[in-house]
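Build out the structure end to end from the sequences listed, making use of the hints.
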Amino acid sequence: MSFVNNDMLDVGKNARISGIKLSSSNINERNSILREIINELNVFKDEILHNNSKDLEYSVKNGLSESLIMRLKFDENKFNTCIKSIESLIEFDDPIGKITLSNEITSDGLKLYRKTCSIGVILIIFESRPEVAIQIASLTIKSGNSVILKGGKEAINTNTTIMKCLNNAIKKSSKKYDNVEENIVQMVYSHNDINELLLLNDYIDLVIPRGSGELVNSIKKMTSIPVLGHSDGVCMLYLHYDSNIDNALDIIIDSKTDYPSACNSIETLLIHKNLVELFLPLLSNKVNELGIKLIYHADEYCINYLINNNNVFKLDESLYHHEFGSLEICIKSVDSIDKAIDHINKYSSHHTDVILTEDEGIADKFVSEVDSACVFHNCSSRFSDGYRFGFGTEIGISTSRIHARGPVGLEGLLTYKYILKGNGQTIKKHNDGIFEFTRKPI
Numbered sequence: 007m008s009f010v011n012n013d014m015l016d017v018g019k020n021a022r023i024s025g026i027k028l029s030s031s032n033i034n035e036r037n038s039i040l041r042e043i044i045n046e047l048n049v050f051k052d053e054i055l056h057n058n059s060k061d062l063e064y065s066v067k068n069g070l071s072e073s074l075i076m077r078l079k080f081d082e083n084k085f086n087t088c089i090k091s092i093e094s095l096i097e098f099d100d101p102i103g104k105i106t107l108s109n110e111i112t113s114d115g116l117k118l119y120r121k122t123c124s125i126g127v128i129l130i131i132f133e134s135r136p137e138v139a140i141q142i143a144s145l146t147i148k149s150g151n152s153v154i155l156k157g158g159k160e161a162i163n164t165n166t167t168i169m170k171c172l173n174n175a176i177k178k179s180s181k182k183y184d185n186v187e188e189n190i191v192q193m194v195y196s197h198n199d200i201n202e203l204l205l206l207n208d209y210i211d212l213v214i215p216r217g218s219g220e221l222v223n224s225i226k227k228m229t230s231i232p233v234l235g236h237s238d239g240v241c242m243l244y245l246h247y248d249s250n251i252d253n254a255l256d257i258i259i260d261s262k263t264d265y266p267s268a269c270n271s272i273e274t275l276l277i278h279k280n281l282v283e284l285f286l287p288l289l290s291n292k293v294n295e296l297g298i299k300l301i302y303h304a305d306e307y308c309i310n311y312l313i314n315n316n317n318v319f320k321l322d323e324s325l326y327h328h329e330f331g332s333l334e335i336c337i338k339s340v341d342s343i344d345k346a347i348d349h350i351n352k353y354s355s356h357h358t359d360v361i362l363t364e365d366e367g368i369a370d371k372f373v374s375e376v377d378s379a380c381v382f383h384n385c386s387s388r389f390s391d392g393y394r395f396g397f398g399t400e401i402g403i404s405t406s407r408i409h410a411r412g413p414v415g416l417e418g419l420l421t422y423k424y425i426l427k428g429n430g431q432t433i434k435k436h437n438d439g440i441f442e443f444t445r446k447p448i
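Residues in the sequence shown are numbered from 7 upward in steps of one, following the working numbering.
Simulated from the structure, these hints should not be mistaken for laboratory data.
Quantities reported herein were computed from a predicted structural model and do not represent experimental measurements.
Honestly, I wouldn't trust all of these hints.
[To be verified] PhoX-like, lysine-lysine: derived pairs with alpha carbons at most 25 Å apart:
{"#": "1", "residue 1": "K299", "residue 2": "K67"}
{"#": "2", "residue 1": "K181", "residue 2": "K19"}
{"#": "3", "residue 1": "K117", "residue 2": "K427"}
{"#": "4", "residue 1": "K19", "residue 2": "K423"}
{"#": "5", "residue 1": "K177", "residue 2": "K51"}
{"#": "6", "residue 1": "K67", "residue 2": "K84"}
{"#": "7", "residue 1": "K226", "residue 2": "K19"}
{"#": "8", "residue 1": "K423", "residue 2": "K27"}
{"#": "9", "residue 1": "K60", "residue 2": "K170"}
{"#": "10", "residue 1": "K27", "residue 2": "K121"}
{"#": "11", "residue 1": "K423", "residue 2": "K446"}
{"#": "12", "residue 1": "K181", "residue 2": "K170"}
{"#": "13", "residue 1": "K27", "residue 2": "K181"}
{"#": "14", "residue 1": "K51", "residue 2": "K90"}
{"#": "15", "residue 1": "K19", "residue 2": "K177"}
{"#": "16", "residue 1": "K434", "residue 2": "K117"}
{"#": "17", "residue 1": "K320", "residue 2": "K292"}
{"#": "18", "residue 1": "K427", "residue 2": "K121"}
{"#": "19", "residue 1": "K299", "residue 2": "K79"}
{"#": "20", "residue 1": "K427", "residue 2": "K446"}
{"#": "21", "residue 1": "K227", "residue 2": "K19"}
{"#": "22", "residue 1": "K423", "residue 2": "K117"}
{"#": "23", "residue 1": "K177", "residue 2": "K27"}
{"#": "24", "residue 1": "K159", "residue 2": "K226"}
{"#": "25", "residue 1": "K27", "residue 2": "K178"}
{"#": "26", "residue 1": "K159", "residue 2": "K84"}
{"#": "27", "residue 1": "K292", "residue 2": "K279"}
{"#": "28", "residue 1": "K170", "residue 2": "K79"}
{"#": "29", "residue 1": "K117", "residue 2": "K435"}
{"#": "30", "residue 1": "K159", "residue 2": "K51"}
{"#": "31", "residue 1": "K121", "residue 2": "K446"}
{"#": "32", "residue 1": "K79", "residue 2": "K51"}
[To be verified] For each label pair, taking beta carbons as the anchor points, the in silico distance ranges come out as:
{"#": "33", "residue 1": "K84", "residue 2": "N12", "range": "36 to 42 Å"}
{"#": "34", "residue 1": "L284", "residue 2": "S342", "range": "16 to 22 Å"}
{"#": "35", "residue 1": "N173", "residue 2": "K427", "range": "39 to 45 Å"}
All C-beta atoms, glycine included, are put in the ideal place defined by N, C-alpha and C.
So, in structure tokens, the structure goes:
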């Protein structure tokens, strides 16, 4: 471990010590902390919303992008969703200590168990979204992990108030329970702090960056600690020629315009050539009727059918990799399901991709061959979310192929250990024929 100043070393050490104790707490103790968090958030609700308004005002004045402004906004709806997600999390069974495998592996009673346990210390680095601090603190507490939070400077006032709520709740709980220490949730505030924490591989077990692809990739280059995260939300939707037109209009508009800055908003519409002439004028008209100012980047074939629209531009293929995070979309025609799948596997970020078709065989082919964390059939991409999946809330959406993939809830914050219970067994006794391996489920 390279030289790290004492302040950040203490943050790491305190996180490790408090995390070990929290992982030994019982479910009632951890749920009690979550209830205290709900109480504190409700007490300071007006202050949180007021300070978020200050952050928004400052960010607008300083030219923060529209997509980041949308993510920064923490209004009453988002506040209420956070409260509901914690309430939902409380109802979940204890994720720690579940037996996922139990075998009697020898004839004389040697028993093997696989048991879930906490990962340990998690470092979360997030941009804009203040609700992330609430969601992640709740998930890590429920799963018995300690967490170090680093938010963006654009949300400093909101994050500081949220952290005050978390500290108050944890402090109250620490006075009631021996296994709860105040350092189970800590927040740091500077880039230098992060640079030093990323060197603490003796104390931090997992880093989860939530933000731009640039952020995620830079974190991966700076640390030897495992990193879990998605690089971008470049989601795509393929419209097959047999799709239900009314459903397709609703789903595409919802997937793009419900919350354009969300990482599960689509950035490219692939449409079968046989449907272009019929569908694109309908889409353009409906978007206009709804008063949505959508900007289209269309290929040479599609551009001719986006009528009554001044926001149409010739498609630059470099945009296929681009996450707009705003009311812009690429539109490309394809002549087969195979071309659609090839395009998605080449250009999407493997986050969430969608097919609209009435043909179950075509849908099955798409679901099987598209290499993404979430693959949907005949529904909006906006359902790609841990809370909507019923996970309580989520730590983020992972496009990794190992450990955790898709919306990462409680299970993604757990690992496991193997426990062997014997009564004097040795390998020598096996070699001497005293017992044999049976490996039977218990």
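Report task. Report the numbers of all earlier hints that the structure fails to satisfy, in ascending order. Result -> none
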